[in-house]
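Student: For the record, the sequence lines run as chains F and G.
FYI, in this note's numbering the residues of the first sequence are 1 to 190.
FYI, in this note's numbering the residues of the second sequence are 191 to 979.
By construction, these hints were calculated from the structure, which means they are not laboratory data.
From the three backbone atoms N, C-alpha and C, an ideal C-beta is built for every residue, glycine too.
Careful: at least some of the hints might be erroneous.
As the list claims (entries may be wrong) - Calculated pairs, PhoX-like style, for lysine-lysine (alpha carbon to alpha carbon, straight line, at most 25 Å): (1) 476/G <-> 288/G; (2) 476/G <-> 589/G; (3) 76/F <-> 183/F; (4) 99/F <-> 787/G; (5) 526/G <-> 369/G; (6) 98/F <-> 790/G; (7) 790/G <-> 99/F; (8) 76/F <-> 87/F; (9) 98/F <-> 787/G; (10) 99/F <-> 87/F; (11) 743/G <-> 690/G.
Unchecked claim - With the C-beta cut set under 8 Å, the calculated list includes, among others, these residues of chain G facing chain F: (12) 333; (13) 622; (14) 623.
What the hints assert, rightly or not - So these bits of chain F aren't anywhere near chain G, every CB distance computed over 12 Å: (15) 169; (16) 181; (17) 189.
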Amino acid sequence: MLPLSRTFVAIALLASAGCSLQPFQPPPSPTPTKPATHGGSGPVISEPPTVTSTMPSEPVIQGPAPSIPVPRERPKAAPATFSPASKALVSQAQAQRKKGDLPGAAGSLDRALRIEPNNPLLWIEMGRLRMDQRNFAQAESMGRKALSMAVGDNRTQSAAWQLIADSLRARGKNPQAQEALEKAQQLSVE
Amino acid sequence: MGRRRKLNRRSRQKLQRGFAILALLALLALIVLVAVLDRRVTQQFEGRRWTLPARVYAQPLELYAGQSLSAARFAQELERLGYIPQTPVDRPGTFRRKGDSVDVYVRGFRFSDETQPAQQLHVGFDGEAIASLAGPDGADVPVFRLDPLLIGSIFPIHGEDRIIVSPAEVPSLLPEALKAVEDRKFDTHHGVNPLAILRAAFVNLRAGQVEQGGSTLTQQLVKSYFLDSRRTLRRKGEEAIMAFILESRFEKADIMNAYINEIYLGQDGRRAVHGFGLASQFYFGKPLAELNLPEVALMVAIVRGPSYYDPRRQPQRALERRNLVLKVLADENVVKRAQAEHAMQAPLGITDNAGRSANYFPAFLDLVRRRLREDYPEEALTETGLTVFSTLDPLLQEKAEIALSDELARQDQGSRKAARGLEGSMVVTTPQTGEVVAVVGGRRASFDGFNRALDMKRPIGSLAKPMVYLAALQSGRYTPASVVMDEPIEYKLESGDVWKPNNYDKKIHGPVTLVRGLTQSYNLATVNLGLDVGLGPVARTYVQLGLDEAPPKYASILLGTAQLNPVEVAQMYNTLANGGFRSPLRAVRAVIDESGKALKAPELEVTEAAPAEAVYALDRMLIEVFERGTARPAKQALPSGLVVAGKTGTSNDYRDSWFAGFSGGHVIVVWMGHDDNATTGLTGTTGALQAWTRLMASISTTSFEPLMPEAVEDRWIDYYSGLETSPYCSGSAVRMPFELGTGLYPDPACPPSTTPEEAALMQPPLPVVPNEDGVTAPADGAPRTGNPP
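Using the sequences provided together with the hints, build the complete structure.
Tutor: Below is the structure:
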């Protein structure tokens with residue numbers, strides 16, 4: 001019953017909006033709700049019991065979202081680190097790289113990635129190896145993969161941008177390289 | 191008189207000269223023959239002595255603190271690798287488990303990147319995980335890999351297969367036993383043993399048939415080289431000459447080693463088992479170096495007649511001959527009599543079924559072979575002794591086989607007649623690294639037959655819907671809250687026919703949100719959405735996600751008429767599970783040649799294939815498939831708290847039942863159907879999803895928890911209307927990701943700011959699970975798509 005009536009409300013609203021496919025902003029609400037920033041004094045409201053199990057565990061978001069979206073402050077993530085197993089394999093890979101044994105180094109990093117596939121530092125390490133192998137496009141991809149895994153971790157994102165900058169410069173894409181480098185530097189001071 | 195004498199003398203001279211010429215000719219012929227035979231046998235011996243099929247290994251088990259592995263499971267894995275539980279742990283291939291700790295003497299192994307020497311290891315466990323690893327000196331070991339499981343060879347059809355062993359890998363007992371039983375004068379003779387031949391001839395004459403061979407080991411070797419067992423005199427003569435040549439040119443030790451690697455020791459289907467190295471794996475499931483006295487004796491017993499003394503088919507006969515060998519060994523003082531008598535009490539100790547059911551994965555090997563053929567010519571694979579390191583996870587493979595066969599067995603017993611005798615296939619990959627860790631090609635997984643994971647292309651049904659929604663999301667014109675019309679459509683085909691798709695439940699649901707259309711798998715909503723987005727962009731997503739070719743741009747691809755095999759489906763869903771990063775699936779990690787040099791192998795690759803924001807939103811909707819959609823019945827069978835995502839697929843007339851889905855660690859694709867394409871009576875939910883859930887629930891995996899992209903935030907919307915709402919009013923609020931700045935309409939009945947207290951005051955209480963059906967399209971032609979993107 002209710003979904004039905006709500007659907008009609010929706011349709012009525014939509015019809016008034018002119019069934020446009022173009023992006024548009026809803027009218028500003030007369031009393032703008034105070035944007036609650038994460039980690040601020042606003043209460044963190046737990047989710048209702050009927051839906052708790054339905055959500056992936058992610059940083060708890062603040063209560064009801066305001067009608068006017070406000071850019072959220074992303075929670076800062078702790079800088080990524082290596083597990084002891086990955087650490088051992090990464091140093092092994094670095095030693096192999098130094099000796100010029102690039103396939104061996106790739107093998108060691110492959111092993112580490114199987115143990116910690118979500119560790120952005122390992123993807124950066126793999127990207128560095130791809131630079132040695134002169135596979136610059138893959139080096140950049142590895143950097144971007146690392147970026148996607150390091151949301152909120154400025155130090156790691158900075159290292160990823162540095163890798164991306166190097167891979168771009170190696171292919172003569174200087175303006176983009178400069179842009180990436182600036183991102184790396186900006187993130188390293190934040 | 192004088193004339194006669196003269197004549198006689200002249201004819202005698204003539205005769206002598208004739209003889210001399212004849213003798214010279216004969217000598218010449220002999221020299222030529224010896225030269226020819228010399229060339230042949232020497233070339234065979236010195237040159238490429240054996241054609242060596244590529245050996246394929248599974249991925250090694252990595253040990254490190256924190257790895258989820260119990261002591262009991264670890265012991266099982268060691269036994270699978272042929273490790274023997276014993277005290278003391280004093281040689282490679284042995285281990286001892288004491289409660290929560292295991293001491294193991296790991297075998298040496300040449301990996302692609304390093305050679306790992308044999309070494310002792312102490313592994314401490316803390317319940318379900320490894321707590322510590324230490325070397326023999328007590329020093330901490332951060333990470334260590336076991337020697338991997340040999341899962342097969344790539345040999346030509348009807349070909350010889352062997353594992354070459356060096357003298358150091360041969361237990362010293364074996365050559366001694368071979369000499370004692372087959373060739374007592376081996377150390378002193380020159381290739382042939384005339385006494386033995388005479389004795390054999392005498393025995394055979396008395397028996398009236400060939401009962402005994404007088405061949406030396408050298409002669410047996412020569413005979414085996416040239417694969418001709420005809421017992422003609424000429425053959426024998428040539429054989430003797432070649433044996434003599436070998437003996438004069440090569441050391442006894444070299445000849446013994448060649449014999450150990452050459453001789454035929456059994457048949458495994460189309461594969462001829464040659465050499466003791468492979469035979470040891472074939473019969474006992476462990477390396478030759480680790481065989482004990484009764485096992486060595488059995489191998490020596492088999493030499494005389496691998497099919498007559500086949501220990502699997504003729505165990506009694508084999509046992510008797512083994513004990514005869516043991517008696518000879520004692521008689522010849524090779525072993526002490528007490529030892530021999532003790533060994534006679536031992537069982538044969540043969541592994542089941544040639545390791546076929548346990549470690550034989552033909553569908554996976556097939557994939558490896560095909561991937562290798564892209565880089566290597568056939569001869570390189572079957573002859574040059576490559577070592578191939580594959581991505582197979584034996585434990586996961588075993589669980590996949592069990593999950594599928596259990597589900598098929600359940601369907602056999604079930605009430606649906608059409609679902610009896612089904613076939614099935616499964617593919618499992620790891621999303622981040624794109625490795626194929628298990629492939630099941632059919633109901634009888636260890637049967638090397640039709641490989642459905644690769645050779646069967648079937649319509650994917652609703653597995654195609656995520657591609658439509660991905661195209662919509664990445665067009666920038668849609669969000670999970672956008673509304674599309676689930677209403678009848680007539681689509682004019684180029685042929686002039688009119689295509690009129692239907693919903694599975696034959697109902698019309700009117701305006702539905704994208705998230706609802708996908709999770710409930712509504713056909714009409716999907717077709718309307720796909721036509722609005724365009725067939726071109728939808729078809730292109732197939733290539734984005736990893737297919738080589740886009741499907742033809744027919745409207746029917748929106749509902750999954752594209753025919754794909756399970757590996758292709760796994761490739762596409764792997765990209766979805768990997769946040770839009772495409773990694774070409776790999777079955778091979780590394781290849782090395784005989785000398786250990788690394789050769790060409792596909793490397794880990796990632797390519798950003800689709801916008802992270804669109805893939806993230808799609809993945810979140812696919813999670814809802816388990817919360818509210820067609821996979822909801824599976825939720826209770828999964829470990830509580832495990833977040834997974836996926837999609838059901840059913841093709842026309844229930845011919846194919848699909849499920850493709852993923853956790854954080856594994857992508858699993860399941861197909862079930864009949865080979866003759868008959869109807870199964872099953873949907874994706876009632877068929878493939880059941881097998882999928884069995885497997886997902888039985889493996890160690892992690893929740894699917896992708897990181898939210900930077901420019902995205904979560905907001906609550908109503909599942910039915912797409913209006914922005916508060917989570918406290920009803921169970922129909924669902925949290926979905928939106929790019930920052932996305933405009934959403936607030937729900938007037940329950941605005942986003944509604945507090946729990948306000949929601950509680952609302953009367954009447956809102957239903958938690960609203961009625962799914964009965965929503966019909968408004969008659970007054972409501973907008974097709976209307977709400978803001």
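Student: Now look at each hint and say whether the structure bears it out.
Tutor: Here's how the hints hold up against the structure:
1. Between residue 476/G and residue 288/G, the direct Cα distance comes to roughly 23 Å. Compliance with the 25 Å bound is thereby established for this hinted pair.
2. As the CA atoms of residue 476/G and residue 589/G are separated by approximately 23 Å, the hinted pair is consistent with the 25 Å bound.
3. Restraint check: the Cα-Cα separation between residue 76/F and residue 183/F comes to about 17 Å, which is no more than 25 Å; the hinted pair holds.
4. Annotation: proposed proximity of residue 99/F to residue 787/G holds, straight-line Cα distance about 15 Å (limit 25 Å).
5. Under the criterion of a C-alpha separation no larger than 25 Å, the hint pairing residue 526/G with residue 369/G is consistent with the structure, at around 17 Å.
6. Proximity of residue 98/F to residue 790/G is assessed by CA-CA distance (about 21 Å); at most 25 Å being required, the pair is judged to hold.
7. About 20 Å separates the Cα atoms of residue 790/G and residue 99/F, which keeps this hinted pair within 25 Å; it holds.
8. In summary, the hint linking residue 76/F to residue 87/F is supported, as the alpha carbons are separated by about 24 Å, within the 25 Å threshold.
9. Of the supplied pair hints, the one linking residue 98/F and residue 787/G holds, its CA atoms being roughly 18 Å apart against a limit of 25 Å.
10. Straight-line distance between C-alpha atoms of residue 99/F and residue 87/F comes to about 19 Å, which keeps the hinted pair within the 25 Å bound.
11. Annotation: proposed proximity of residue 743/G to residue 690/G holds, straight-line Cα distance about 17 Å (limit 25 Å).
12. Because the closest C-beta pair between residue 333/G and chain F is about 4 Å apart, less than 8 Å, the hint holds.
13. Annotation: residue 622/G was flagged as interfacial toward chain F, and the flag holds, the nearest CB pair being 4 Å apart, inside 8 Å.
14. Interface restraint check: residue 623/G against chain F, minimum CB-CB distance 6 Å, threshold 8 Å, status holds.
15. Its beta-carbon lying about 19 Å from the closest one in chain G, residue 169/F satisfies the requirement of being farther than 12 Å from that chain.
16. Even its closest Cβ contact with chain G, about 19 Å, leaves residue 181/F beyond 12 Å, as expected for a residue assigned away from the interface.
17. Listed as a non-interface residue, residue 189/F keeps its Cβ farther than 12 Å from every Cβ of chain G; the least gap is roughly 18 Å.
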